[in-house]
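Given next are the chains, with one letter for each unit.
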Amino acid sequence: MSAERRVMKEPVYHGMPWEDAYGYAQAVKVGNTIYISGQLSHDDSGKLVGPATVDASGKVVDSSTMALQMQTTYENARRLLAKFGASLDNVVEEVIYVTDFEAAFAVAGKVRKAAYGTDRPVCASTILGTTRLAFPQQLVEISFTAVLPE
Amino acid sequence: MSAERRVMKEPVYHGMPWEDAYGYAQAVKVGNTIYISGQLSHDDSGKLVGPATVDASGKVVDSSTMALQMQTTYENARRLLAKFGASLDNVVEEVIYVTDFEAAFAVAGKVRKAAYGTDRPVCASTILGTTRLAFPQQLVEISFTAVLPE
Amino acid sequence: MSAERRVMKEPVYHGMPWEDAYGYAQAVKVGNTIYISGQLSHDDSGKLVGPATVDASGKVVDSSTMALQMQTTYENARRLLAKFGASLDNVVEEVIYVTDFEAAFAVAGKVRKAAYGTDRPVCASTILGTTRLAFPQQLVEISFTAVLPE
Numbered sequence: 031m032s033a034e035r036r037v038m039k040e041p042v043y044h045g046m047p048w049e050d051a052y053g054y055a056q057a058v059k060v061g062n063t064i065y066i067s068g069q070l071s072h073d074d075s076g077k078l079v080g081p082a083t084v085d086a087s088g089k090v091v092d093s094s095t096m097a098l099q100m101q102t103t104y105e106n107a108r109r110l111l112a113k114f115g116a117s118l119d120n121v122v123e124e125v126i127y128v129t130d131f132e133a134a135f136a137v138a139g140k141v142r143k144a145a146y147g148t149d150r151p152v153c154a155s156t157i158l159g160t161t162r163l164a165f166p167q168q169l170v171e172i173s174f175t176a177v178l179p180e
Numbered sequence: 031m032s033a034e035r036r037v038m039k040e041p042v043y044h045g046m047p048w049e050d051a052y053g054y055a056q057a058v059k060v061g062n063t064i065y066i067s068g069q070l071s072h073d074d075s076g077k078l079v080g081p082a083t084v085d086a087s088g089k090v091v092d093s094s095t096m097a098l099q100m101q102t103t104y105e106n107a108r109r110l111l112a113k114f115g116a117s118l119d120n121v122v123e124e125v126i127y128v129t130d131f132e133a134a135f136a137v138a139g140k141v142r143k144a145a146y147g148t149d150r151p152v153c154a155s156t157i158l159g160t161t162r163l164a165f166p167q168q169l170v171e172i173s174f175t176a177v178l179p180e
Numbered sequence: 031m032s033a034e035r036r037v038m039k040e041p042v043y044h045g046m047p048w049e050d051a052y053g054y055a056q057a058v059k060v061g062n063t064i065y066i067s068g069q070l071s072h073d074d075s076g077k078l079v080g081p082a083t084v085d086a087s088g089k090v091v092d093s094s095t096m097a098l099q100m101q102t103t104y105e106n107a108r109r110l111l112a113k114f115g116a117s118l119d120n121v122v123e124e125v126i127y128v129t130d131f132e133a134a135f136a137v138a139g140k141v142r143k144a145a146y147g148t149d150r151p152v153c154a155s156t157i158l159g160t161t162r163l164a165f166p167q168q169l170v171e172i173s174f175t176a177v178l179p180e
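Residue numbers (my numbering), protein chains in the order written: chain C, 31 to 180; chain L, 31 to 180; chain B, 31 to 180.
Worth flagging that the hints you see were computed from the coordinates, not collected in a lab.
Given the structure is predicted, the values throughout are model-derived calculations rather than measurements.
Careful, some of the hints might be misleading.
Copies of the same chain are indistinguishable here, so a pair counts whether it falls within one copy or spans any two.
[Unchecked claim] Derived DSS-like pairs: lysine-lysine, alpha-carbon spacing no greater than 27 Å straight-line:
id	residue 1	residue 2
1	Lys140	Lys39
2	Lys113	Lys77
3	Lys89	Lys113
4	Lys77	Lys89
5	Lys39	Lys143
6	Lys39	Lys89
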């Protein structure tokens with residue numbers, strides 16, 4: 031590709047080992063749009079926060095940490111947005127992938143309102159069940175699109 | 031976040047009770063792009079149109095209303111787009127989530143062409159199976175991205 | 031919709047029979063953004079490359095062609111992008127849907143780095159398990175958003 035067709039992309043990272051292993055950015059800003067990779071519930075050291083209990087086959091047997099995982103996931107998205115001088119207020123769309131739909135649906139309204147800091151977040155939202163996410167103990171992953179003022 | 035970083039977002043709603051409970055907008059316009067939340071088959075009163083038959087455990091046992099659910103889902107997207115003076119002709123991308131893939135694939139071409147009003151809708155489209163959507167009787171959910179002229 | 035609200039959309043195709051049957055474009059460019067439909071592992075004649083082995087019920091029993099399917103999927107995305115004078119370097123976001131998560135996760139880093147031609151692709155990426163894709167023998171599908179310079 032010639033230099034003329036290159037587009038200016040600004041990536042940000044959490045500094046997790048899997049960023050190198052998998053080869054991706056946690057978020058990429060191009061123009062005034064920020065594309066955020068599926069976020070999950072981990073701390074600064076890369077340790078899962080509120081891992082679900084799984085049986086020997088890797089099947090989840092206890093989803094009671096769903097709210098904690100969801101909260102931490104939003105917090106990780108907030109930290110990425112802050113690197114661009116933005117916040118969750120800039121989010122225009124989110125897609126929520128969950129391995130236990132009932133557990134997620136039971137807490138999502140409350141967790142989301144607290145994360146966005148308002149009873150009616152102004153963002154489009156889609157939620158669906160998935161068979162599996164990156165870690166067997168992971169219950170939720172959320173991707174986002176955010177927009178900065180021109 | 032300072033006022034300077036705020037982005038102008040225009041939300042629209044169907045007026046469904048779950049918009050308040052979950053805390054989201056049915057669609058958000060920012061700049062000339064419209065992000066539409068996963069739409070589903072419901073009427074103005076919030077009642078599912080063509081609910082699937084489920085057994086005691088919530089498992090779908092009859093997906094014969096797939097086409098009706100899909101039609102109604104596109105109609106609900108059309109109603110949201112109309113609030114922005116737009117139509118399904120403005121859609122550039124859709125993602126179709128279905129709980130019964132075979133049933134969906136059997137009718138999707140016909141339903142989609144009728145909804146878009148053309149044999150070759152000019153939109154990118156992705157379809158995939160999901161383990162679960164918001165309502166156990168729900169067979170399909172579709173999210174959209176649409177663009178208005180500058 | 032009046033002509034005034036119409037948006038200029040440029041579609042591209044692989045020339046596959048299912049484009050007509052389903053009624054969609056493989057990718058649509060609007061403004062400087064390219065929305066790419068879920069790509070899969072097929073050749074120019076529409077034949078699956080590296081089909082998984084499935085049993086009589088359609089269940090996958092051998093996912094050993096995952097890497098080949100993933101490589102071919104990226105190659106098909108590259109071919110679409112080339113029609114716009116772009117390359118995988120223009121990708122800002124991808125969503126990877128897989129029917130065998132462990133098999134996909136085991137090869138995704140290596141395959142992705144080779145496809146993007148760099149150890150650290152500058153794109154947001156989300157991967158999740160799905161119950162089913164278009165073909166029973168299909169293990170992976172990837173949708174993309176790419177951006178051209180203004």
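Evaluated hints:
1. Lys140 x Lys39: Between. Shortest inter-copy distance 22 Å satisfies the 27 Å Cα cut-off; intra-copy 34 Å does not.
2. Lys113 x Lys77: The answer is within: 21 Å in one copy meets 27 Å, while 43 Å across copies does not.
3. Lys89 x Lys113: neither (36 Å within a copy, 44 Å between copies)
4. Lys77 x Lys89: For lysine 77 and lysine 89, the Cα distance is within 27 Å only inside one copy (19 Å; across copies 34 Å).
5. Lys39 x Lys143: between (31 Å within a copy, 17 Å between copies)
6. Lys39 x Lys89: neither (38 Å within a copy, 40 Å between copies)
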